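Enquirer: So the protein sequences, as listed, match chains F and E. Be aware that the first sequence starts at 348, since it is given in the numbering used here, and climbs by one per residue. Be aware that the second sequence starts at 470, since it is given in the numbering used here, and climbs by one per residue.
It should be emphasised that the hints constitute simulated quantities derived from the structure, not laboratory data. Bear in mind the structure is a predicted one, so any value in this text is a computation, not a measurement. Incorrect hints may have been included.
[As the list claims (entries may be wrong)] Some residues of chain E that are not near chain F, with every Cβ distance over 12 angstroms (derived):
(1) Leu540
(2) His587
(3) Val592
(4) Ser596
[As the list claims (entries may be wrong)] Some but not every residue of chain F turned toward chain E, in silico, with C-beta under 7 angstroms:
(5) Lys521
(6) Phe523
(7) Leu526
(8) Gly530
(9) Arg613
(10) Ser617
(11) Gln640
(12) Phe642
(13) Asp648
(14) Ile652
We put the beta carbon where it would ideally sit given N, CA and C, even for glycine.
Here is what each chain is made of, one letter per residue.
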Amino acid sequence: MRLFAVGLSHRSAPVELREVVDFARGGLESALTALAARGIGPESVVLSTCNRAEVYALAESDAASEHIARFFADYHEIDHGRVVEHLYVHRGPEAARHLFRVAAGLDSLVVGEPQILGQVKTAFTTAQSLNATGAVTNRLFQSAFTVGKRVRNETGLGEGAVSVSFAAIALAKKIFGDLTGLGVLILGAGEMAKLTGVHLRAQQVRQITIASRTLATADGLARQLHGRAVPWAQLDVALGAADIVITATGATEPVLTRSRIEEAMRPRRSRPLFVIDIALPRDVEAAVGDLDQVFLYNIDDLQGIVQENLNRRSGELARAGAIVDEEVGRFAAWLQSREIIPTVVALRQRFEAIRLAELDRLGPKMSSLPPEARARLDEITHLIVEKLLLTPTEQLKAVTDDAMVVAYSDALNRLFSLAVDERRARSVEESSESDGAPRSGRPPKVQAR
Amino acid sequence: MHLVPLILYAAAAAAYMAHFSWRDPRTGRLATALLAGAVLAHTFLIGMQTVQAGHAPLVGTTAAISAFIWLLGLSYLYVELTTDERAMGVFVAVLLVVLYVIPALDPTVSPRPPLLQHPLFTVHIVSVLFAYASFALAFVLGVTYVLLFKEIKAKHLGFFYARLPSLQVLDVMNGRVITIGWTFLTIGLTAGVIWATQIQASPDPRAQAMGMGDPKILVALLSWGVYSFALFARRAIGWSGRRAAWLSAIAFVIVLLNFVPVGYFLTTSHNF
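Please put together the full structure from these sequences, using the hints given.
Expert: Encoded structure:
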């Protein structure tokens, strides 16, 4: 059984292809169902965001990656050749590493963006609800969530806004705390004004007022932002009611002069005013920033903040990478220890079979013994087998090296003629794992027969 | 005896500093635990002193400082646990350690003279000390407000920007603790005045000196005036934000001056 990660992302595929290869469009459920119908393997999860489409699967044969690639093409009804050159394939621990990097936001277009972790969670819970996951994918995704959380908590990777609009909102929050209940005034009706307005709307500000030299354009933007438009002549009144002012007019002369803001500040007392000037040329006189309780930021200031945040994020990459390495190591060790389990189970079964056979053979001789003595005999033989197997079991489970697993399995197979039938072993392992038998070193049947 | 609380307060201050610098949540929890431990050890110490002396150790400036530290630590822990905001801890903890050096150097408990065996004395001391603890928190809030304000104003978003809560939160909290502090200062001073008039007949020269001529009383009334103005200014003329922050910072400096140098060297009536 092998773990595969097959997919494409903004790193490997052009946007035209990413638009087509989109599992989310038809619903993750239908994609998972279609994938399961192909019988590639017992466990699978489909992850789909606007920048990536990936399938994580546990499969028997190494050809599974081929089958998954074909599924990518068939499901989206496109030419196989067109997809396959943009697909990446990761196997075993490398598949885990890839998912961990994705979950931590290390593989994102904007490094450290937080939404991806939620999308990974959705992918997993959807697969889980369709019973498409199993022991390996459960563990894999739980580890991925751990990585995501650790990177967020232990590094500064997700810190600081990395777009001008979000930088402005982060600043507003640092000044006003909660933005609900604040008044926003937008001067001008350009694209940037609209974008910042949309973000502020999402923060549930109390009122968005738009003033433009032509009332019609102000009206247009007001409708889009569910705000209200005011004529240019009422600008000073609107200024008095605003907490945040965004200026984005095409004026060549400053619209907000120092004296105008000074006048507007008078009745406000100490209530702060946050002025964001995203116009070029400037709409606000630089001297406005000298007024007490007025915070003036222009587009260059905001871009400077964004650049600083991006620099800081790239500085945190190494720390995030170390967390990923650590968790990959942990997951790989767990995956490896699973591979030895069929051998362990077969070994235990072999010993148990010998014990039972011997007890059976001695059955007639023991028939004269009282039941308590027979029960004691059963118990003692069982304990001997357990004691003999205890150290080998522990040693085997501690093996993490791929070659060693093969070597040990091979040696044990020969020495005890085990001939591990993987499927049977696994089913036994799963049933016995449920009552914790192999780990506690006691098989399920302990009672005297 | 004072060594255990001192070490714990110092360890808490160090942990708060580490938390403030690196923002590791585990260090933050450790800092809170250490401060809680320090306050607990301090409580135990005050309890032992009470049992030994037969009265609460409130007599004399050193004992008052010790009680002030204890109240401030307790108040801060309450604020931290209710607001889940640890950024102020570093400032408070450092103040605690610096002040705790005084009781640590002079661990003796002054006997309680008969003059002070009146319930009004206890009301006076405890109310005033609690007011001072609130003002200390207001001071920290004011200082952090100014630091954050300067960073945002200068468009240089750095150290404090990443660590402190918003200006609005700092301002609202500042207003609240000043209201609480002013209320207790008013109660404490009123109790003090009533009690002072009651002991006028006493031959003790300190009882005779209880009046406006004593710097300790004068400066206490001055700080009451400053905080009253701060409250009035916030409510009536809209002095919030930076002005209120400065005011609370300066006012606490007056309080601290009154508490330590005046309390030790200048007062003629409060030198028990």
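Enquirer: Each hint needs a verdict: does it hold in this structure or not?
Expert: Quick rundown of the hints versus the structure:
No beta-carbon of chain F comes within 12 angstroms of the beta-carbon of E:Leu540; the shortest separation is about 28 angstroms. Every Cβ of chain F is farther than 12 angstroms from the Cβ of E:His587; the closest lies at roughly 43 angstroms, confirming the non-interface assignment. Every beta carbon of chain F lies more than 12 angstroms from that of E:Val592, the smallest distance being close to 35 angstroms; the non-interface claim holds. Its beta-carbon lying about 30 angstroms from the closest one in chain F, E:Ser596 satisfies the requirement of being farther than 12 angstroms from that chain.
Hint status for F:Lys521: holds, given a least beta-carbon distance of 5 angstroms to chain E, under 7 angstroms. Among the interface hints, the one on F:Phe523 holds; its C-beta lies about 5 angstroms from the nearest C-beta in chain E, closer than the 7 angstroms criterion. A hinted interface residue such as F:Leu526 counts as satisfied when its beta carbon comes closer than 7 angstroms to some beta carbon of chain E; here the least separation is about 10 angstroms, so the hint is violated. The interface hint given for F:Gly530 is violated, since its Cβ lies 15 angstroms from the closest Cβ of chain E, which is over the 7 angstroms cut-off.
A least Cβ separation of about 11 angstroms between F:Arg613 and chain E goes past the 7 angstroms threshold, and the interface hint is therefore violated. Here the hint on F:Ser617 is kept, as its CB sits about 4 angstroms from the closest CB of chain E, short of 7 angstroms. The closest approach between the C-beta of F:Gln640 and any C-beta of chain E is roughly 6 angstroms, which is under the 7 angstroms cut-off, so the hint is satisfied. For F:Phe642, the interface hint holds, since its Cβ comes within 7 angstroms of a Cβ in chain E; the closest pair sits about 6 angstroms apart.
For F:Asp648, the interface hint holds, the least distance from its beta-carbon to any beta-carbon of chain E being 5 angstroms, beneath 7 angstroms. Residue-level restraint check for F:Ile652 holds (minimum Cβ-Cβ distance to chain E is 6 angstroms; threshold 7 angstroms).
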